[in-house]
Amino acid sequence: MGKSINEIQEELIEEFGLFEDWADKYEYLIDLGKKLAPMSDAFKTEENVIKGCQSRVWLHAEKQGDLVVFQADSEAIIVKGMISMLIRVLSNHTPAEILAADLYFIEQIGMSQHLAQTRSNGLVSMVKQMQHYALAFS
Amino acid sequence: MTETLNIDQIRADFPVLHQQVNKAPLIYFDNAATTQKPKAVIDALSAYYEQDNANIHRGIHTLAERATTAYELTRKKLAAFLNAPSTDQIIFTSGTTAGINLVAQTFGRANVGKGDQIIVSNLEHHSNIVPWQMIAEEKGAEIKVIPVSDAGVLDIEAYKALLNPKVKLVAVNHVSNAIGTINPIVEIISLAHEVGAKVLIDGAQSVAHLAVDVQALDMDFFVFSAHKLFGPTGVGVLYGKRDLLESMPPYQGGGEMIKEVSFSGTTYNELPYKYEAGTPNIADVIAFGAALDYVQAIPSEALAAQEEALLAYATQKLQVIPGLRFVGTAPEKIAVISFVIDGVHPQDIGVLLDKFGIAIRTGHHCAQPLMQRYELVGTCRASFAFYNTFEEIDRFVLCLEKTLQMLG
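If you're matching them up, the sequences are chains A and B in order. For what it's worth, the numbering used here labels the leading residue of the first sequence as 1, then goes sequentially. For what it's worth, the numbering used here labels the leading residue of the second sequence as 1, then goes sequentially.
Be careful, since some hints might not be right.
Said to hold, decoys possible - DSBU-like mimics (lysine-lysine), calculated; alpha carbons at most 30 Å apart, straight line:
1. B:Lys139 with B:Lys160
2. A:Lys25 with B:Lys160
3. A:Lys25 with A:Lys3
4. B:Lys39 with B:Lys144
5. B:Lys160 with B:Lys76
6. A:Lys51 with B:Lys144
7. A:Lys25 with A:Lys44
8. B:Lys139 with B:Lys166
9. B:Lys39 with B:Lys114
10. B:Lys139 with B:Lys23
11. A:Lys25 with B:Lys317
12. A:Lys44 with A:Lys34
13. A:Lys25 with A:Lys128
14. B:Lys402 with B:Lys317
15. B:Lys241 with A:Lys34
16. A:Lys51 with A:Lys128
17. A:Lys25 with B:Lys23
18. A:Lys25 with A:Lys51
19. A:Lys34 with A:Lys3
20. A:Lys35 with B:Lys139
21. B:Lys402 with A:Lys34
Just so you know, the hints here were simulated from the structure itself, not pulled from any lab data. Note that the structure is a prediction, hence the values are computed from the model and not measured.
Looking at chain B on its own, in the form it has when it is part of the complex (with noise of 0.2 Å):
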């Protein structure tokens, strides 16, 4: 028997749900753009700057040492987290995006030539696309595609297809940020092992839902950012195996990432500082610290659980809207639900919900080539988190209902 969440005490820690948005209680549905954060995050966030603020790793002081061992902490925790062999291969970035970047930057210019190929989904986000195709015509490498199937999931067959050893680097997503598909990883890295590809996992919209260890995993590369789990925006964390972190060439250049400076020639820092040139975002790293601890400190099972019953409840409850159809029906997916009605554009629903203190979002969800695989301008996509109720459902339905009477 899987224990249940309180979910009224939990929502009693994320002070920003407690609010009345165009008069209207809040229903907060686009966890997947970003999550909302626990009070114990914003305490710690605002602890630091009243008691601690220093820069770390540097200073002699005692404020120095109190902000550097917190900020390690965070590292340690994010080891455990991810089950990574040792924290220096937690590296901090500023989020997802960056350390798609570090990684295209680095591996991709050392690792890949002209005739090379990188292979990526039909179900990724730009910032997963974007990088690649840089790195790929400065190379005179070749993108390559894994295609997607109308219920949104990824074409193993394909994929199999694809692969060759002139494919360097295979990126996909843990989890599509547009319709919640969860990806078979295991298979992908494993296949890519294979032809002697890396392979680079976002799991910025997996951290929050799914349990990720990197070692059962095999992964080479992984990346996520904090404030998708509860976190504060603007960190984000690359884990890598060592050999690859080791070999790839430095990323920024700058303080902290370097051991000796002179003229005739610098010698660059250890791991991870290597890849941590400047000055860090040190008091979110922290807040990020106390992010884990929150969100760990729930049984995962009760977390899953209630996540799954959201969906199942949703998904079953949007079933009565007239001319509503869901994109991305695979039968592994998150708690997210994107749809489209019928002659109706996602904006004008978007816009009306809102007025009803109904956050979801609506557009391309950065991941344009998905829409135009399913020829689509844009959907509507609710995305829950653990502290969504059955009660908000209920009144999202209605209130798409109305929006849609007034829409008719």
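This is chain A alone, in the form it adopts within the complex (with noise of 0.2 Å):
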């Protein structure tokens, strides 16, 4: 049995918890980006995309037993380590669970500005997006 999706948020609330400069914070964001898992070049299709306004978002669901399985990608580095903690708070866990999520982290570990309107990257969109795979799956 993995761990609950709110299991992993107090993960990354604690692993920020660490740094106490804004620089720090973004420079750890900046390598969870750099290690996101390749997603596959089959799935970085324009059906996947999820249009923002300055960086493209590729996402792909796929059901593995009873849970959903997320790979994503963006040709920003920022908007990417944004999605490798969504992948790994989100990804995973049955249709019913990520429905319920209330992704309270980022706010916690100071990033929601990155889903603020202004950014149009995809990012709001792309958890929208997560949350409608779950839908079609549950």
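Take each chain as given, in its own frame, and dock them per the hints.
Below you can see the structure in the form of structure tokens.
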């Protein structure tokens, strides 16, 4: 049995709690982006693009047993860092768990600005799209 | 010897510049998106609402008269600012985009027919492309595009080859918002006139930097926004030649734009009111008058010299950044620097610079056809105004280096 969505969120909050200034936080975020498991090129299709104003995000979802597994990528590394965390939190959970998730960690680690309307970077749409997949698979 | 500006004194006039963003002093290099407002503009706005607020033109009471006088005074100031032959030719709109749409839906609707052509350039903002595509589609007309060189200069020979009697309108910006190129509008206008085409010049990016004399330039239509000229958002200006404005059909119907209304027929008001249906943006028009006063009080040579010096200094300073490539290196450009850095997405640069308190713009700058031309997803754009300083540029370059280290 894997960790619950909230257990993973708490882990992330703890990890980010180690950093005192924004630069360290962002270096960690960039590092997470770089370490994101590469997305198979076969899934980097026009169909899987979530269009943001500035950077493209690709999202693929499939059901493995009872669980939804996500893969994603972006052209921009900070967005990729955010994606990496969203995947860590939501992937490998059941559709019901994903639909019920409250992603409070984003605000707690001080990254809510990346989900703000003005960023137009596709992250907001990505979260919605992840939930749409969960709904489709439920 | 050109007079130099007292930058500290000027900066003191702009309240917004004196703040910390993400615990660092704000550096505002997004002036091509919108300029900051001097205190005089902010004061004019609140004074209007505190003392004079009334609907204009039809009221006979004192407040209505004061508001009307102040509103019409801005129109007079604009006529002088542009050297327009009369105040009637200054139409208030909500911005550049609204002005272009007005011309597309009135002049375009009346004069563009099946098989006709409209010329735009590869340097245009979407707002000077889409309104023309809409009218062209409706009328069965064609859009032709003036190509742009690698440096960001319009190909005038190609433009000459595009011109023919089927061209009804040429719509070109005075200055490119994405890369800062100053276009040779004198030549563009006179060549268009030789084949009988009219010209709309989008002055959104030029009015804050270059003097515009609509008569000397033989402008048919000139449009711009107040907010890019230190004035409020929500106000724009359309200048047009009198015969064109008089012969074009009205745009939006409503109050103010009519002379007499009856169910058997309506007669329209005279210029400029024919194109100003409904209650206008009174407060912001009045405050725009204060912006015009403010900017015109600064000696224009000193203003231009300051911006030119900032551009030269930043261009030279940025050379040290490894992998940096300037996008747009036209010999004639305003103080806008667009650049990309090998292997780095512009958005990442913008996000991290913001953490350093530095506001630049990243993305396609609403000029996707230009980005397609250069095969770029977007650029980073630093755009300066006369209140920016050399120290700010130093810190910008330093923070850009730090940003790249973080991303590296």
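Evaluation of the provided hints:
no. : hint                   : in the structure
1   : B:Lys139 with B:Lys160 : holds, 24 Å
2   : A:Lys25 with B:Lys160  : violated, 55 Å
3   : A:Lys25 with A:Lys3    : holds, 24 Å
4   : B:Lys39 with B:Lys144  : violated, 44 Å
5   : B:Lys160 with B:Lys76  : violated, 37 Å
6   : A:Lys51 with B:Lys144  : holds, 28 Å
7   : A:Lys25 with A:Lys44   : holds, 29 Å
8   : B:Lys139 with B:Lys166 : holds, 13 Å
9   : B:Lys39 with B:Lys114  : violated, 51 Å
10  : B:Lys139 with B:Lys23  : violated, 55 Å
11  : A:Lys25 with B:Lys317  : holds, 29 Å
12  : A:Lys44 with A:Lys34   : holds, 17 Å
13  : A:Lys25 with A:Lys128  : holds, 25 Å
14  : B:Lys402 with B:Lys317 : holds, 15 Å
15  : B:Lys241 with A:Lys34  : violated, 58 Å
16  : A:Lys51 with A:Lys128  : holds, 13 Å
17  : A:Lys25 with B:Lys23   : holds, 15 Å
18  : A:Lys25 with A:Lys51   : holds, 26 Å
19  : A:Lys34 with A:Lys3    : holds, 23 Å
20  : A:Lys35 with B:Lys139  : violated, 53 Å
21  : B:Lys402 with A:Lys34  : holds, 18 Å
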